Each structure stands twice: as structure tokens, then as C-alpha cells.
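Asks: As a plain string of letters, each chain reads:
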Amino acid sequence: MNQQNHAPDTEETGIGLDRRRFLKTGLGGALFLGTVSVTAGLSGCASAPAGRITAVGTRMDASYNFRFLTNDDIQLFEALLPAIVGPGLPEQPEARRQAIAGTIERIDSGIHQFGPANQAELRQLFDLLNFGLTRVTVARVWSSWPNVTTSEADAFLERWRTSSIGLFNKGYIALTKISNVAFYGYQDFWHLSGYPGPPQYAVDALPQFHNA
Amino acid sequence: MQSNDVIGQGLASGWNVTDGATLTANQTVEADVVVIGTGAGGGTTAEILARAGLSVILVEEGRLYYQKDFKMDELTSYANLYQEGMSRVTRDGAIAILQGRCVGGSTTVNWTSSFRTPDETLNYWAEQFGLEALTPTAMAPWFEGREERHNMSPWDMDPNVNNDILRQGCSSLGYTWDIIPRNVKGCWNLGYCGVGCPTNAKQGALLTTVPGALNHEARLFHGLRADRLVMDQDRIDRLEASAMGADGVTPSGITVTLKARHFVAAASAIGTPGLLLRSDIPDPYGRLGKRSFIHPVNASVADMPNKVDPFYGAPQSVYSDHFNFLKGVSGPAGYKLEVPPLHPAMSSGVIPGHGQAQADNMARLPWMNSVIALLRDGFHPDSPGGSISLRDDGSPVLDYPVTDYLWDGLRRAYHTMAEVQFAAGAKRVRPVHMDAGWYTSLAEARAAIDRLPMELHRVRLFTAHQMGGCGMGARPEESVVNGFGEHHQVRNLSVHDASIFPTSIGANPQLSVYTLAARNSTRLATKLAG
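Residue numbers (the UniProt record's numbering), protein chains in the order written: chain A, 1 to 212; chain B, 1 to 530.
It cannot be assumed that every hint is accurate.
Which residues of chain B face chain A? A partial, calculated answer using Cβ under 10 Å [what the hints assert, rightly or not]:
no., residue
1, D5
2, Q9
3, G10
4, S13
5, K71
6, G85
7, Y192
8, S348
9, G349
10, I351
11, Q358
12, M362
13, R391
14, D435
15, R458
16, R491
Worth flagging that the hints you see were computed from the coordinates, not collected in a lab.
Only a predicted model underlies this, so the values are computations on that prediction, with no experimental measurement involved.
Each residue gets a CB set at the ideal place from its N, CA and C atoms; glycine is no exception.
Looking at chain B on its own, in the form it has when it is part of the complex (with noise of 0.2 Å):
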């Protein structure tokens, strides 16, 4: 078998990478742009103006992560490829957050699926935030070519029995259901999407954008944490940046500092917040860090006749809009249905449990189904997200209160499942809540469902898609970055990852973000060169 050991060969061929946890001295490096983050908006930037013919310097705090250290195992990937460890969670501890901190940031991670932003979303960013310019036909040929080069389309291949199960559930029941397009090339259909891809199948940045980069002369630098960007009169002068020793997670003490042109921040929906606001970057509208969204999830679980084996075979590969805009898209919360990958760690951290109870729990774990509900926030004015703020280290958190209108969603999303699940065959059904039991009918459930608190830590809760905080609008008053991504204050500064969202996206976003990105860096790239 011939190797697709990309980052193995490209490392080979000489590859201007340092790990930062080698540097022994300080020092002072300079490009044309230092793009801050590898995830789907770093790497697609990177990789455009470094084929531009522009200098990049790529700064990831994460590691470099590949195919020799993706051997399935979760433990070990949930400590090195996500954020605090897998621990990353709401400041008040109600929302779990998943998200990835190594090259490749999210996509390294995430579970393939691959949407267009909904034209519903794009035509609300026009008329709420001035965003004519992102009109579904004025985009669509951004979206076709990044289709072609994370090579997206619909799964062929039969979707696991746990995907099946919502498809059965739906078309039984009426309700519309697709199946979902992954970015993959070759896959073997493991089911190993969240621990790191390993057969190199998966297009994400880290095999796609980031070698593109490479290839052109870029220089990556991993282990190397953006502290802050300092200014000089109106303009970002440099970027102070940190190693990370070996173990990815305590500054070894040396320090880079990192001067250019132009200065890309492209370090998620919570990253790039962060940064700035560490920063002191101006906002004079008291704009950065409001308005974060996070497609809030709730989970229901299932106990099937027959073996469903979650852990094995493409994790995502059916879904249902059924209800995402069935109620307009202002309307009462709307939810995109999808099913997760269920392996054991991740099981037993997600399904709340102790003892006897969680052991019974665990036992039936090949016979487990899950469904989850991701809900549109943003679209209403009982919607209008949460903020991030700086811990006492400097890191950023989230804070996001959820509000009646969210629970009123949640609350529905726990009946669509169950009836979901049910009509699927269960036999029973558990909503994934602190005071939820095992349900063996539809009307059982029900009847629980109607007096489950809708209370915080109640009601389990986690994101995976995290977007705003940097929204993008025509109007400084009310955004923080126009519709290209330019900072409205600071002229050598774009936003080119998730937090540019004006509202979510109401579909799993790494397909916006690289889509975005690709239209921005175009557009960067030529008035660089200019």
C-alpha cells in the first residue's frame, strides 16, 4: 500500500517547521501576514496568500499532531487534541465544549459533515446585518470550490446502524431527513473521525490547506501560543507569542515575537475573542466577545433490539432539517437532528451516571443508539448568545446564559427524539437529563419529557460548533469586522475563523468557515500584492 503520509512526507522534504517546545533562546521572525490558528479559517488563509506569493507564518498552540500518533485511542487523544484537555467547559459549568487545539484545530477533530450555510442564514445576515454581498447565489461558487478541494459530497456508502436508525425514525414518522456530505477522501468507514483520522482520509486543514501552505514556502510554527497582538499607533506592529514545553501545555519561558504587514486571527469563536480582548485591541462599540453562539445540544439515548455497534463506521452520515426552519427562520427555536459516535470514554463522560446504574448503562453500550438536537441561536432577540471574558491567566471563557426561548426548544428536541427513536424500534428511551429514567413508551416519555426541569445542569448540555464574538456587519456599531473580515478599527487585521458569525449558522459550520475564509483571503491576497 503506497503511504498518504502527507505531514510524515512533507516534514521529510524539508518543511519549514518548528515545534516551539525545541526553541532554547528568543528571537524575532518576520513575513508578509502571520496568520494566528491552522484550523479550517488559518489553514485556507495560509494556504491562498502563501500561493500568492506572499510570506505566511502559521502560529498553532496546539502540537503537531498526524498519522503516526492517531492509533484510535480516546484517552489519549482527548488529552492532546482538544481544548483544556476535553475539560473545556461554560464558565458556569452547565455546557461541555468540544473543540480541537492541535494543527488542523477542528477539523483535526471534528466529524466530517459538510453543509453549506443555509440560505435561510444567509439571506437573515443580509437583511439584519448588511451582508447583501453573501447572498446564497453570490457564494455558491465559494461554496463549490472548497467542496472540491476538502473533497465533499455525499456519503455512498451505507450509513452505520446508528445513523440508520434516525433515517428510519424520520421516514416513518414523515419527517425529512438527507444523508450528510463528508469531507473524505478513501475512507475505510472506521468511525474514528473524533480521535484524529487514522488513514489520512479525512480533508480537513491539517492535510489539505496547511501542507498547501507548506508547500509554498510558509513557515508553521506548533507549541507556540499568540499572547498578544501590540499595537503602534493604528496599527498591529507584532505578535507576542509563547512556547510551550513538550507537554503542549506549560510555557517552557522562551518567547517569539512575530512581526508583519498584516495579521490574520483565525483561532476559533473563543480563541480569537480572547486574543483581542487580551489585546486591548479598540472597540469602541463595546462589540468583542457578545454575541457567541454555539448550537446548544441536547442528547437521547436509546436502547435497541438489535446491535448497533456506535462505536464503528462513519460517525455522521444521516441527518434531519426537518425542524430546523420549520417555524421560520425567526420563528420559535429551531434543531438540526444528527447522531454521535459512541465510544466508551466518551460515552461514560456524556450519559450522567454512578455505580450500579452507569455500569448498566455502559453494559448496553453496543445496543445504544444516540440521537442529538443542535439548535439555531442568534436568530432572535431571545437569542442573543453569550460573551467571552478573560480568566485570571488570561485564557478566554465563555459565558453563555440560556434562555426560555432555548429550554422551549430543548424541551421539544427531547419529544422529536424520543418519537424519533421510538418509531425506529427502541425499546427504550432515555433523554440524556439528570432526572431522566429509561423509558418504554412513547407516552411514558412523553409524559416525563413535560415535567423534566429545564434548569441548568439539569439538563445536559454540550457544544461542538462554536461561532460569534467577532460578528461581521455593514454597521461599526454592531460588529466587529465588515463583511470581508476587515477589523473595522484596526486596518492590518482580519478575523478569518468562526467568531465573524453575525448569528450560528444552523448546520455544522466548517464548511462556512472555509468558505468565508477562502472569499476573504482572496480578496486579502490581492490587495497585499497591490
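Excised from the complex, chain A in its bound form (with noise of 0.2 Å):
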């Protein structure tokens, strides 16, 4: 919490303390972040965990209770699944929706177990890609998630993952891992990794998969 303290580089100061520099430096990139979180708050961006949403006009099953990710998270997750795993969901529109809603569900669901100080940090990471000023300059994403298409999406991850400023890497692996687990990690999925599952002998044999 006190090493970074350090007054700026000589060729920093002046016009511009540059950018990269500012976002490679913990402090720096802590502070940004935390801007963003207490501006997205502030200009009225929901935040609130999403709770059960309505079958009525979404994607979503509606017995599903949201405790961690905003509206605006699930329109994030919508816009980059389909580039982190697209070519795993399947084709037909409706079962590829229902795939996508689920994956998104179990991200929920796994990001409630994460625990308060890991759940700060995505909520940051999160909030600063549905801000629209900070996803413009900072994601270069210039279309609204709900806007953004496929190749668009990848394009985002794909700076992230090669880009020379760290703090941008952990936030692709962030996205990346959560959305792999959740998505490679489920039965439905199990076979795009030739995972056949438990074995089944010892499925049969087991009693924890008989006893009710």
C-alpha cells in the first residue's frame, strides 16, 4: 500500500505523464480503476446485483437469482462470450441463447464463492468497461456492448491479452478465465474437450450418485 509513492519519472512530467507508464504503475492503475467505480456510481450506472430477472423480454431463466453481476455485466458477458468461446456454443439461435445465459449464470454463481476483496476487484474491472468514457479510451471499444459485434469483441481481447501493460493482461485473463471455466468446465460442454466425464462403473458403484 506505500511503494508507490514515488514521484513520477523526469520524462514523464510536464504535458503528459503517459499513459502507459500511469497504468503500469499499481497506484496509478488502483486509482483509475477506483475513479471509475465512484463515477460509474455517481452518473447513476446500475450496479446493483441483477437479482431474478423477468422471462419476459430477456434471454434469461428467470428462476435464476443474480447476486453478483449488473444488467450492464450480463450485456458485457453477452458481447464477449460469443468471442471467447463462440465457436463451442452451438448454432441453432435459441439453444445457442440459452448456452450463453447459462454461462453467464454460472459465472454469477462462481463469482459469489470469490469472496468480498476479489469481488471489489472484478466489480472495478467490470465498472470500468460499461462506463462509456472509460471503455472509449481505455478499452478503445467504441460501441456500446449491446452493439459491439463479434469480431469487434475479439479484437478488445485480443489487445488485452498481447498488450505490454500488465494490469491489462490480468484483466484478460479475468474475463478469459472466468468464461472458460464456466463455459469449458460444463457437462453440456464436456465434450468439446473429449472429456467423457466420471466414469460411469464408478458412477453406478458410488453411493453419494444414488442416495438422494
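Starting from the two chains in their separate frames, assemble the complex, guided by the hints.
Replies: Shown next as C-alpha cells:
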């Protein structure tokens, strides 16, 4: 908490604290993200968990109760998932919608177990991506997420994957890891990794699979 | 088939077990000893003290999960059985931390590898930290005792293909390798150790020492988080703890106060320094939470010509120590070679990627082998380890700077892993690194590895072994506890977990934790009885 309090390098003073260098410093990054969270809150961005979304007019199973993801976060993942796990998604439109919706629900239930500290970090990341000004200036995504094409989402992920700024790499890993795990780790998609599931003879023999 | 459900039977027989989520009123309880944590250290301590006739209360933040819950499912297990729902990382996010959070601690989810502390490590501790009592000869009977208690012996079935690739690669290159001792009894060779043993074969704390303690009148609270130890003058008076709700992560608001003559912290090398920091335990020399070690791990994946099915079979059965002490105990960083099991969620989270490239990676999973290198940290001035501090919410976090000394070791390890995988017949090899591709020859891989940037976030780093932070030593100026795990400044506080290691171990640490906890608990039992 105390080591980043140094003065900027000489060449960074004056007109511009170089954006890359600014973000590279832990404090710069943390402050920047913190500011976004505050700003997003003040400007009225919906930052309350989405809770139970009504089935009418949405893609979601109304029985699932979102405990962390906001409506904006859900739109973010609806835009990103086709770029992250798209090749494995079903082509039939309704099945595809269901697969995306289910993956977002599993992302939410996974994050619920992360605990307050890691949840706060993800909140900063999601707010940065959802807040228009930072979405454009930091993520360089020009459209709002519902209007982002899969190739634009892929280009964004690719920028953050290959960036020389550790904070963006960290964001890339966070977004892809929770998405990949929630998708490839779910039994409906095990076939994509040629995983047959737990051996059937063990399932047949073990009591925990039979005592309801 | 006769049931071997030790926990289910014990609960039915009337064990004194309380789920924090069921508590509806604040309360105070008292015992001779309060043991915080139920993993390798806490379970061992509780069993030995309870058998000696002392009254013992075990406190566990995670919940009690056992056979009925272990359904070989990754997503459920990672969410419930691991710290921070498997999202634990170092403060900068660059190193993923795999650590258990449940009754039995990490022994409930580890891959059963059971190594003695290497002689080189014990001798180094004797020379550097004044721990002459911990020589290999002096420790041998304690290791034997724990090997017997946890049914540890070299795996006597054929290694699965994933492990056999490491054996073949090392054999053809003339690198030493050996079979891993495992703590199992009647193992079905399924491959699901990491998500909770479904057959009750794994002899971790959950099925050995914790039941042993409960059979001797110990009491277990699970779903109860140790918040802080409260001092009264120079002694700890009580532990204040918070009950967690049924989800295991949200405090219910109910508190439990635990009073005892003696307190044993065994909450892991992250949890114990965190608890002591929250409690403002005296630390006159600023040693608390310092010298944290993790065996930094990097990985390499290989596309093999024949099916590997790396999700099936005992996850770890072959290892190589060829490079572990090759350049001396305190020379350039040495590393142990092992393999990890690869299930879909773990693989898709560990191998960085998205889109078609990731889909292609995952489609080859049945042909995938992975080798991991575990670096020995803490044996060199340029490997001083990390430090534990507290976040805003009071939870502990590890800062772990990766030094040039370690980057050098990690790059050499990438080379060795690729060499071993090609020697075993790999068609393609990919270092698990953000900038690496698939390489089709060793020459190509070597040239690429030499160019890969050794930087945080680009190198994918992991740890499943957390050690240090309450280091033991003869001199209070440079340690937190003495060679018996007794706190230098607070007389009724002991530390019985991996946080007392003054360096990393140089091998998977569970047997080292069991053994030191057994030795130190035996002494503690005598002192408390006297």
C-alpha cells in the first residue's frame, strides 16, 4: 500500500504523464479503476446485482437469482462470450441463447464464492468496461456492448492479451478464465474437450450418486 | 460393499460437530486447547492432544464436505472446497493460488503426493536457522510415524499415461525419476483427488486425524471464521470468531468466543499470518508475514500422438528430482518435475486463450500431457520470498515479487519440460506462456523459449504450496516461532502449519506439515499435562 508513492520520472512530467506508464504503476492503476467505480456509481450506472430477471423480454431463466452481476455486466458478457467461447456455442439461435445465458449464470454463481476482496476487484474491472468514457478511452471499444460485434469483441480481447501493460493482461486473464471455466467446465460442453465425464462404473458403484 | 464413510458414520455416532450456519445466538465455549484450522497441521494437533486427554476445540472457516458431496465435479468443488472459490491470487494477480478451504484443508483436495522433507532442506535449516534438532536422523522416526498414520507408500499401480510421459522422457534423457509415495488406502485410480476423493481412499486429515480427534471427545466448529486472538497482558485470552451462513462465504452475524489455556494456529501459511496480523500479536522484530514461499510453478503442455486421457488415473505418480538440487542447495534455482491432472475447467482456466485458438486447444485435451516445474524458493539471498499483509476487509493477501533469480530458474524449467516432452514423443509442445505458440521441434521450442519475455502476467504462474510467514528459528530477531512452533513472545500460542517453514520444502509439503505438527504436538501435550 505504500511503495508506489514515488514522483514520476522526469520525462513523464510536463504535458503528459504517459498513459501507459501511468497504468503500469500499481497505484495509478488502482486509483484509475477506483475513480471509475465512484464515477460510475455517481452517474447512475446500475451497479446493483441484477437479481431475478423476469423472463419477459429477456434471455434469462427467470428462476436464477443474480447475486453479483448487474444488468450491464450481463450485457458485457453477452458481447464477450461469443468471442471467448463462440466456436463451441451451438448454432441454433435458441440453443445458443440458452448456452450463453447459462454460462453467465454460472459465472455469477462462481463469483459469489470469490469473497469480498476479489469481488471488489472484479467490480472495478466491470465498471471500467461498462462506463462509456473508460470503455472508449481505456478499452478502446467504441460501441456500447450490446452493439459490439464478435470481431470487435475479439479485437478488444486481443489488444488486452498482447498488451505490454500488465494490468490489461490481468484483465484479459480474469475475463477469459471465468468464462472458459464456466463454459468448458460445464457438463453440457465437456464433449468439446473430449472429456467423457466421471467413469460410469464409478458413478454406478458410489453411494453419493444414488442416495438422493 | 461395506461403507467406509468415516464422516457419515461418525456424525451418526454422535460426534460433537457444529455447523456455524446453524447457530442462532452468540455463545462462549471453553476447552484446554483451541486449534484453528483442520488441515494437515490442525488435524494432527487435535488428534494428538485429544488422545492425550486434553479437551480440544477445532475451528474451521470452510465447511464440512465429505463423500456425499464428492461427485467428481470440478465447478462445484472449486467453488466450495478452495480458497476464494478458486480465485485466490497474489496481490498483483500474477500468480494463481490453489489452496483448500474446507474441513481437512488442502489435504482434502491435494493430489496425495507424500514426500519427506529433503535432507538437503533439513540440513540447510540446521545451518542457517539454528534448527539443529531437525536433522534427517532426528526426524526419521517422526516421518515414519506419519507415513504409517496416513498410509503413505510408493504408488504400486502403473502410472497413468500423463505420468508415464514424464517417466519416459526422463528415462530417455538419462534424468533421474522415481515413483511418488501417496497417502491412499484402496485407491480406485480414478483421478479426482483434486475435487474431493469420491471413494474415501485418500487418507488426508478429513479421514484420519480429524475423525481421530472427534473420537476422543474433541469438538469441531465448521463454517466458523477465526477473526482475532485477544490478548490479556502477555497471554492470549480468547479467540473471537464469526459464523458463516449456509453459503459458506457470508457471515451470519453470529459470533462465538472461544477460551482456552493454549491456542494453536494452523490456518495455513496465508491464513495464520493473517490471523496474527489482525490480532496485533507482538512482533518486536517485524518478522510476522515475512519470508512467504510458494514453490513458484510454471507449466508446459504437449500434444501427444496417442491418447493420454489426462483426466483419468492417479494424478501424480512419477516425479523427477534431477534438477532439484543439481547445483547445490543454495545455487541457481532448482526445480522438481511433476505432472498435473487435466480436467476441462482446470485446463481451460490454466491455458490462456480465447476464441478458435482456445477451442482448438481444448479439442486436443485427450491427447494432452502437461509437465509442471516447482521451484525451490528461499534458499538464496536473491530469493527472499513474499510477504503477507491485510486487505481492507481484513483478509490476508500475499505479495510475491518474482526476482531475476527465479525468472532464470523458470526459463530453464521451460527448456527442461519441452526437452522431456519431445523425448517422450510429443508432436508439439507449448510453454504455458502468453506469448508462446505450439512448437513442433525441440530446436524451435528452445529458440522460442530463449526469446519469451520472463515477466509477470506473460509467464503463467501457479502455486499449490504455501509456506512460511511465521518462520521458525533459534533467534527471535529473525523468526516468529522456535523449533517447536512455540511463539517467541506469546507463551500460550503455537503455530503448527506450513507457515513455520523458514524456506520452501523442495517437495510437496503435506508430509512435512504432518510430521512437524506431530512432533510439536507431542511435546505440547506433555507440557500441558504437566
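Asks: Give a verdict on every hint.
Replies: Going through the hints against the structure:
Interface restraint check: B:D5 against chain A, minimum CB-CB distance 8 Å, threshold 10 Å, status holds. The interface hint given for B:Q9 is violated, since its Cβ lies 12 Å from the closest Cβ of chain A, which is over the 10 Å cut-off. Below 10 Å, beta-carbon pairs count as interface contacts, and B:G10 has none with chain A, the closest being about 16 Å; its hint is therefore violated. Contact between B:S13 and chain A, as hinted, is not supported at the beta carbon level, the nearest pair being about 18 Å apart and thus beyond 10 Å.
At its closest, the beta carbon of B:K71 sits 6 Å from a beta carbon of chain A; the interface hint therefore holds under the 10 Å criterion. The interface hint given for B:G85 holds, since its Cβ lies 3 Å from the closest Cβ of chain A, which is under the 10 Å cut-off. At a threshold of 10 Å, the smallest CB-CB gap from B:Y192 to chain A is about 7 Å, leaving the interface hint in force. Residue-level restraint check for B:S348 holds (minimum Cβ-Cβ distance to chain A is 4 Å; threshold 10 Å).
Look at B:G349: its Cβ gets to within about 4 Å of chain A, closer than 10 Å, so that hint holds up. The beta carbon of B:I351 comes within 9 Å of a beta carbon in chain A, closer than 10 Å, and the hint placing it at the interface holds. Checking B:Q358 against chain A: minimum C-beta separation of about 7 Å stays under 10 Å; hint holds. For B:M362, the interface hint holds, since its Cβ comes within 10 Å of a Cβ in chain A; the closest pair sits about 4 Å apart.
The criterion of a C-beta within 10 Å of any C-beta in chain A is met by B:R391, whose closest approach is roughly 5 Å, and the hint holds. Using the Cβ-Cβ criterion of 10 Å, the hint placing B:D435 at the interface with chain A is satisfied: the shortest such distance is roughly 8 Å. For B:R458, the shortest C-beta to C-beta distance to chain A is roughly 7 Å, which falls under 10 Å, so the interface hint holds. Among the interface hints, the one on B:R491 is violated; its C-beta lies about 32 Å from the nearest C-beta in chain A, farther than the 10 Å criterion.
Checked against the numbered hints given earlier, this structure breaks hints 2, 3, 4 and 16; the rest are met.
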